[in-house]
Amino acid sequence: MGERVGLEVSIAAAEAVKMANVDVIAAYPITPQTHIVEHLAEVVADGELDAEFIPVESEHSAMSVCCGSSAVGARTFTCTSSQGLALMNEIVFITASMRLPVVMVLANRSLSGPLSIWNDHSDVMSIRDCGWIQVFVENGQEVFDHIMFAFRVAESQKVSLPLIVNVDGFILTHVIEPVEFWDAETVKNYLPPFKPVNRLHPDNPVTMGAFGMPGIYTETRKAQDSALIEAKPEILKAWQEMADLTGRHYKPVESYHAEGAETLFLTMGSIGETVSVAVDELRAEGKSVGQLSLRLWRPFPFEEFRQAAAGAKRIIVLDRAVSMGGQGGPVATEIRSVLYKEKNMPVVTNFLCGLAGRDVTVEDYKAMFEKASKMSKRRVREEDYILYGVRE
Amino acid sequence: MEQLNVYASRLISKKEYFAPGHRACQGCAEALAVRNVAKALGSNVVVASATGCMEIISSPLPFTNWRVPWIHVAFENAAAVISGAEAGTKALVRKGMLPDLKTVFLGMGGDGATSDIGLQALSGAFERGHNFVYVCYDNEAYMNTGIQRSSATPFGASTTTSPAGKMKHGQFTWKKNMAEIAVAHNVPYVATACSSYPFDLIEKVQKAASMEGPAYVHILSICPTGWRIPPDRAIWIGRLAVETGVFPLYEVVHGKYQMTLEFPERRPVEEYLKAQGRFRHLTPDMIQRIQRRVDIEYKRLKSKEIFEEIW
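Protein sequence lines correspond, in order, to chains B and P. First residue of the first sequence? That's 1 in our numbering, and the numbers climb one at a time after it. First residue of the second sequence? That's 393 in our numbering, and the numbers climb one at a time after it.
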């Protein structure tokens, strides 16, 4: 293994991209993604990385350039946030349909309006059904590891799908953390060169992006859905091999004191570590509480989630986005559906918190737990969701 | 046009890279332009197409008319996609992962995909200096969606969104000069062409491909369906467009203007307008306005050529 250094998580992410020896980086500046792209521009300018750095004129073109470069078989990386993701939205969906294994770091940030540069998950939730593999990470080490993981999984011929690594903007991208780098040998063992299933090359002409009439469109959607679902064994294999090489074990659903706990928090992303502290303190007070963290968001790990949640009486789902006019947060809505057919289905209590970077502390999570404990044990419509801490 | 002679047709490859059997309308001169562009570039090419007629007619899953590598992603991003393909290939060649074949990268789109929705992506790709050719097939409206006006629709033309009615007389804005916008990017090569002049078109596309850096070819592509003309008149109308000066053929090599086809006397614009259903409603007044505008623009273009000579 390489050395353990303290540095900004954005820089660690860029260094991981560099070590993955990407061929093309296309990106447009947007807060809080900028440090990652700036550092990549630097390493290309200094000759530390031999790649084409393409400073495009918009995020829409960023993703379009990525499609072109991935289609010729170049290892391709991009990075964006919030409005940038919204602008490239159209091409994000097409990238997955065309099975182009682009890797994107999404420095999660709230969507306008009002304009806000701070962290929540409203950007990524807007593209929930885009067909990309989507993972969430909690700290700098996980960011570094998951960039290696991203290229490895996305480019595997069995998968050939784009992949998003969700990194909380500012809260994670801009903090300094200890990160254990991989050495070159480990990278080489873990990440083979990109060999695309098809590439745009004069020696073997292929047509990519043909249009689908009603007679064939449904079949293409089925094929794409199956491809995403069938990516899971490769995802699990990639995590297993990473564990063998680095000693760090990752799972689709991480659990913390979950076994036997009556109440479970469900988190995604960097708030997970704060919730763990709250869980420790609550357990010290004798409360039966644990925590699940959803690492793999798409393809959704149904089996793993049901197993991890088995036996719980209540799940407190912490959503970082509002599903306007719906039943609270997008994650809770989905979790209710996932658990619907379970015997003794736990009550799903949904707190929407930490919108646009508003601080949520250990005390807040403890307060949520207390509040949830006093709620009905049955499913009551009025208690579908609570926008935590909102001033009305 | 200097190479145009009676043997020219024999010098053109008989090989087709844009295969027959596509679904274009009868008499489509845009499909003809695409065929000749493909012929001009041969097999060592990668093509990125915008959404539009040419994409729809040539790639209905599971069929394709493309005998060269071809990609379509969306409407407004052909220039960005081809710049990605160019950059990706460049990186792979430099890193020794692919042999250097000197492949030509071709982006293509209609007038809407080029001068409206895709203008930003094209401008970006020009500015970044990718080594690619962009061809605009200009049929002067959104024909694929049913003849809606674009910024390339000429003044007076009736389309489904600029209809000639009791109060308004079709398109009330003048055609956006896309070739001049390309020139303003200081790209090494810009040319106009028309599928009615195939040898000139092929020569220009090959010249564009031979340039280091971005090159732009704007091809007037007559659309019988949208222009309301009989399918067998497309070539003739294209010639009229050039002979009247409505669509002059010229090239700009490293900023130097050069007319590529000129006539001792330009034919009156009226002949061109009267032949098309989309201009049927024009009053003599409007025809005169159009004639004046064509005269001014032609003079302006000529003066650029002369200016270059003096300078």
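Note that these hints are calculated values from the structure, not bench results. Where hints are given, some of them may not hold.
[Claimed, not checked] In silico contact screen, one side only, chain B against chain P (beta carbon under 7 Å); selected entries:
1) Asp23
2) Val24
3) Phe53
4) Val56
5) Ser61
6) Ser69
7) Phe93
8) Ile94
9) Val197
10) Thr207
11) Gly212
12) Pro214
13) Ile386
14) Val390
15) Glu392
Each residue gets a CB set at the ideal place from its N, CA and C atoms; glycine is no exception.
These are the hints, each one checked on the structure:
The criterion of a C-beta within 7 Å of any C-beta in chain P is met by B/Asp23, whose closest approach is roughly 4 Å, and the hint holds. At about 5 Å, the closest approach between the beta carbon of B/Val24 and any beta carbon in chain P falls short of 7 Å, and the interface hint on this residue holds. The beta carbon of B/Phe53 comes no nearer than 9 Å to any beta carbon in chain P, farther than 7 Å, and the hint placing it at the interface is violated. Here the hint on B/Val56 is kept, as its CB sits about 6 Å from the closest CB of chain P, short of 7 Å.
Because the smallest distance between the Cβ of B/Ser61 and any Cβ of chain P comes to about 4 Å, under 7 Å, the interface hint for this residue holds. Of the supplied interface hints, the one on B/Ser69 holds, with its beta-carbon coming within about 3 Å of a beta-carbon of chain P, less than 7 Å. Restraint check, B/Phe93 versus chain P: the minimum CB separation of about 10 Å is more than 7 Å; hint violated. For B/Ile94, the interface hint holds, the least distance from its beta-carbon to any beta-carbon of chain P being 6 Å, beneath 7 Å.
For B/Val197, the interface hint is violated, the least distance from its beta-carbon to any beta-carbon of chain P being 14 Å, above 7 Å. Because the beta carbon of B/Thr207 sits about 4 Å from the nearest beta carbon in chain P, less than 7 Å, this interface hint is met. The beta carbon of B/Gly212 is positioned within 7 Å of a beta carbon in chain P (closest approach about 5 Å), and the interface hint is therefore held. Using the Cβ-Cβ criterion of 7 Å, the hint placing B/Pro214 at the interface with chain P is not satisfied: the shortest such distance is roughly 11 Å.
Annotation: B/Ile386 was flagged as interfacial toward chain P, and the flag is violated, the nearest CB pair being 40 Å apart, outside 7 Å. Checking B/Val390 against chain P by beta carbon gives a least distance of about 39 Å; that is not within 7 Å, so the hint is violated. Hint status for B/Glu392 relative to chain P: violated, with the closest Cβ pair at about 43 Å, above 7 Å.
Violated hints, in rising order: 3, 7, 9, 12, 13, 14, 15; the structure is consistent with all others.
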